[in-house]
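A.B. asks: Under full-length UniProt numbering, read the sequence shown as residues 1 to 59, first letter to last.
Please keep in mind that the hints were generated in silico from the structure rather than gathered at the bench. Worth double-checking, as some hints may not be accurate.
Okay, the calculated beta carbon distance ranges per label pair [as the list claims (entries may be wrong)]:
(1) Q21 <-> L55: 49 to 59 Å
(2) R31 <-> W54: 33 to 43 Å
(3) V17 <-> D38: 23 to 33 Å
(4) L48 <-> I15: 42 to 52 Å
(5) L50 <-> I15: 45 to 55 Å
For each residue, glycine too, the CB sits at the ideal point set by N, CA and C.
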Amino acid sequence: MFLLLLLIGYHDSTIEVSKLQRRLLSLEAEREVRMQRDSILTSLSLALCLINVWLILRR
1 MFLLLLLIGY HDSTIEVSKL QRRLLSLEAE REVRMQRDSI LTSLSLALCL
51 INVWLILRR
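Using the sequences and the accompanying hints, generate a full structural model.
C.D. replies: This is the structure:
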């Protein structure tokens, strides 16, 4: 009986580890997407600032 409970507990913990691994992979993928989006937005913001400075200096 104890062995059966031990095996059930082991199975439950492996399921939990598997869920945690999937969640971690999901969070890492979201982080990559967020970093890419942030770098694009930063580049666009910098480009717009440079264009504004150029337009102001042209007057």
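A.B. asks: Hint by hint, say whether it matches the structure.
C.D. replies: Here is how each hint holds up against the structure:
1. Q21 <-> L55: 49 to 59 Å: holds, 51 Å
2. R31 <-> W54: 33 to 43 Å: Given range 33 to 43 Å: holds, Cβ gap about 35 Å.
3. V17 <-> D38: 23 to 33 Å: This hint holds: roughly 31 Å between Cβ atoms.
4. L48 <-> I15: 42 to 52 Å: Since the Cβ atoms of L48 and I15 sit about 49 Å apart, the hinted range of 42 to 52 Å holds.
5. L50 <-> I15: 45 to 55 Å: holds, 53 Å
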